[in-house]
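From first to last, the protein sequence lines stand for chains A and B. Heads up: the first sequence at position 232 corresponds to 232 in this note's numbering, and the numbers run straight through without jumps. Heads up: the second sequence at position 125 corresponds to 125 in this note's numbering, and the numbers run straight through without jumps.
For the record, the hints were derived by calculation from the structure and aren't laboratory data. One thing to keep in mind: the hints can contain errors.
[Claimed, not checked] Simulated restraints on C-beta separations:
1. B:Ile113 to A:Ile155: 56 to 62 Å
2. A:Gln195 to B:Ile177: 29 to 35 Å
3. B:Ile56 to A:Ala170: 56 to 62 Å
4. A:Ala269 to B:Ile25: 57 to 63 Å
5. B:Ile48 to A:Phe44: 51 to 57 Å
6. B:Tyr150 to A:Gly114: 53 to 59 Å
7. A:Phe44 to B:Ile25: 55 to 61 Å
8. A:Met39 to B:Ile48: 19 to 25 Å
9. B:Ile48 to A:Phe51: 20 to 26 Å
10. A:Asp413 to B:Leu171: 38 to 44 Å
[Unchecked claim] To spell it out: a stretch of chain A is covered by chain B in this simulated footprint if at least three of its residues, at any positions, have a beta carbon under 8 Å from a beta carbon of chain B; those stretches are:
11. 291 to 304
12. 307 to 316
13. 331 to 345
14. 378 to 385
15. 396 to 405
Virtual Cβ for every residue (Gly too), placed ideally from N, Cα, C.
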Amino acid sequence: MNNNSHYTDSATVFLIFCTMIWAIIGMSAGAYLASELVMPWLNFDIAQITFGRLRPFHTNAVIFGFGGSALIATAFYSVQRTCHVRLFAPKLAWIVAIGWQIGVAVGVASLLMGYTSTKEYAEFEWPVDIAVAIVWVSFGIVFFGTLAIRKIRPIYVSNWFYGALIIVVAMLHIVNNLAIPYSWFQSYTVYEGAQDAIVQWWYGHNAVGFFLTAGFLGMFYYTLPKQAGRPVWSYRLSVIAFWAFVYTYIWVGPHHLHYTSIPDWLMTAAMAMSIILILPSWATMLNAVMTMSGAWDKLRSDPGMKFVVVSMIFYALSTFEGPMLAIKSVNVISHYTDWTVGHVHSGALGWNAFVTFGTLYFLVPKLVGASDLYSKRLANIHFWLALMGVLIYIVALWASGVAQGIMNLSINDYGQLNYSFIDIVVVTIPYHWMRLAGGLMFLSGTLLMSYNLYKTYASSKHNLPVLVKIPKVHPGNEI
Amino acid sequence: MIQKTIERLVSAEYSSAKLFFGFSIWLILIPPVSAFFGMHYYGWSLGISDPIRLSIVQSLSIAIFYFLALVAGFFITALIIKWMSAVYAPKATLNGAFAVVTVVTTPIMLAGIAHLYPSLLFHVIVLPPVFALSGYLLFTSIPLLLKTDYDRGIFMGCSLFGFISTAGISLLGLSAIAWVHGIGPNLGV
Chain A
1 MNNNSHYTDS ATVFLIFCTM IWAIIGMSAG AYLASELVMP WLNFDIAQIT FGRLRPFHTN
61 AVIFGFGGSA LIATAFYSVQ RTCHVRLFAP KLAWIVAIGW QIGVAVGVAS LLMGYTSTKE
121 YAEFEWPVDI AVAIVWVSFG IVFFGTLAIR KIRPIYVSNW FYGALIIVVA MLHIVNNLAI
181 PYSWFQSYTV YEGAQDAIVQ WWYGHNAVGF FLTAGFLGMF YYTLPKQAGR PVWSYRLSVI
241 AFWAFVYTYI WVGPHHLHYT SIPDWLMTAA MAMSIILILP SWATMLNAVM TMSGAWDKLR
301 SDPGMKFVVV SMIFYALSTF EGPMLAIKSV NVISHYTDWT VGHVHSGALG WNAFVTFGTL
361 YFLVPKLVGA SDLYSKRLAN IHFWLALMGV LIYIVALWAS GVAQGIMNLS INDYGQLNYS
421 FIDIVVVTIP YHWMRLAGGL MFLSGTLLMS YNLYKTYASS KHNLPVLVKI PKVHPGNEI
Chain B
1 MIQKTIERLV SAEYSSAKLF FGFSIWLILI PPVSAFFGMH YYGWSLGISD PIRLSIVQSL
61 SIAIFYFLAL VAGFFITALI IKWMSAVYAP KATLNGAFAV VTVVTTPIML AGIAHLYPSL
121 LFHVIVLPPV FALSGYLLFT SIPLLLKTDY DRGIFMGCSL FGFISTAGIS LLGLSAIAWV
181 HGIGPNLGV
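Based on the provided sequences and hints, a complete structural model is requested.
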């Protein structure tokens with residue numbers, strides 16, 4: 001058998017397995033943190049599981065472990081199908097798949113041990129940063145190498161988004177983590193004061209933009225037309241939205257620093273660009289809605305489709321709420337409150353996790369050669385658990401955030417604060433119980449999904465490896 | 001029972017004006033009027049210390065703003081439904097769009113009476129089941145009132161859910177802007 005006549009998906013299967021493991025680890029850590037907020041004694045005075053250490057463990061595990069593994073898996077899968085070639089350097093792809101797991105695992109373990117650069121979402125210390133950078137550049141070599149040897153002339157839009165993910169995240173990661181080491185495990189950042197803050201949030205928000213949005217839009221642009229059995233409604237709109245998205249997003253980071261010591265014009269520019277960002281985001285949403293239109297029967301027959309449809313609703317909601325929170329008059333209320341945390345989770349759970357779940361329900365049966373999922377009923381239960389969970393979660397944090405925002409700023413006739421910090425903490429307790437309930441529902445759904453996918457794999461593993469022949473390219477599109 | 005009630009509405013003679021002025025406008029009055037009395041006489045309770053009582057002028061201005069926002073929201077939602085129907089329900093009429101908004105908003109407007117006791121926690125506990133009922137009404141009423149099939153109705157319901165949630169978020173954002181500009185609690189900004 002000629003290897004070059006078939007796609008290679010073994011690294012993708014491994015990465016999907018890791019995606020589910022990270023989902024369980026990261027989301028369990030999130031639920032434990034939510035428990036600690038209402039039952040602080042749950043840290044048992046063990047330093048490694050105090051809120052301050054477990055929180056970055058949770059964020060890094062879900063963003064880079066769960067999200068990163070899913071992105072690399074789907075990029076490897078879709079770039080082959082959209083280029084009509086086998087992966088460039090399949091062995092390097094395996095090194096990327098394993099290297100990413102080791103990098104993230106060592107990174108999150110070091111956070112529990114107390115080694116942190118203290119930069120949010122970039123807490124890993126310098127040795128891990130270097131390892132992650134090497135793995136990421138290798139990912140770029142595999143991805144762009146595959147594009148370079150493609151047999152089909154057009155570069156499909158999902159690859160534009162994955163490409164932006166790889167290039168921009170490499171740039172953000174390297175620039176933001178420039179540091180001077182003073183020991184094997186610790187370092188000083190090269191930036192000072194307000195500049196440090198600006199670089200950090202240039203990184204921080206573009207990690208949201210290019211890791212959690214561009215990457216997942218790549219996943220989405222491949223999966224949705226496949227699931228719906230229809231082409232993208234407007235390919236031109238998708239490419240225009242891509243360039244508008246890339247140009248606009250890169251400016252918005254300083255909206256995380258409203259009313260701080262950075263220049264005022266920078267805050268205003270970030271606010272303006274954040275509002276403009278609604279246009280490309282909603283153009284993508286419109287394109288998705290119109291692509292789905294016509295695939296009316298799929299909601300009944302394909303459990304993954306439900307997740308993708310709902311992910312678009314949350315995408316629309318979060319990409320509207322984000323710019324709104326970037327308006328200074330709203331931000332003065334919402335910043336440093338649970339409103340922001342609720343917003344992040346409506347995006348991370350409602351958009352990122354839902355589109356990933358929808359994609360995995362679609363891909364796993366194909367990858368393991370199963371005719372269908374082990375149980376559509378379990379997938380439907382997962383859908384309702386996840387949807388109810390995320391709604392309870394964000395409603396609780398909206399209420400909590402608004403209360404916190406008003407109480408933070410409320411003054412009496414003498415200009416003194418009406419509420420102390422502990423007053424505000426007491427008020428938020430009932431909402432944090434609701435948040436815990438919502439989080440546990442979401443986690444239960446993820447556990448059901450893992451079981452369902454495992455059983456799908458177990459019942460068809462005799463089919464492995466599934467060999468998919470590379471189809472011929474239409475002569476008009478050949479390179 | 002709910003389905004039969006909606007079916008009765010489908011077969012009834014109604015117009016947008018009759019639905020709005022004969023029914024919805026009175027329901028829309030419930031939340032702002034309740035909010036006015038609640039804010040002025042009891043005060044917003046965040047769960048600790050004394051409730052934040054607003055003056056009669058502030059309570060009245062918020063209630064009027066709230067009423068206008070609800071009326072605008074009602075009309076805009078009906079027009080959005082008519083606009084969306086080009087894709088999801090080609091046989092839908094503007095009357096049908098008004099009927100959907102009327103059906104969906106009825107429980108929410110009735111629940112507006114909760115504003116008489118403006119405790120944030122009380123609202124968070126009481127309102128979600130009402131919103132869940134409205135969600136059910138949304139998905140049930142679309143196929144019947146807009147004369148489309150069940151599957152398209154689900155897609156349209158999801159799109160409308162997205163629009164309504166975004167409108168809700170906008171209201172929260174506009175409220176925050178109003179508070180910062182002196183309408184509402186006394187904030188040091």
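Hint numbers not upheld by this structure, sorted from lowest to highest: 4, 5, 10, 14
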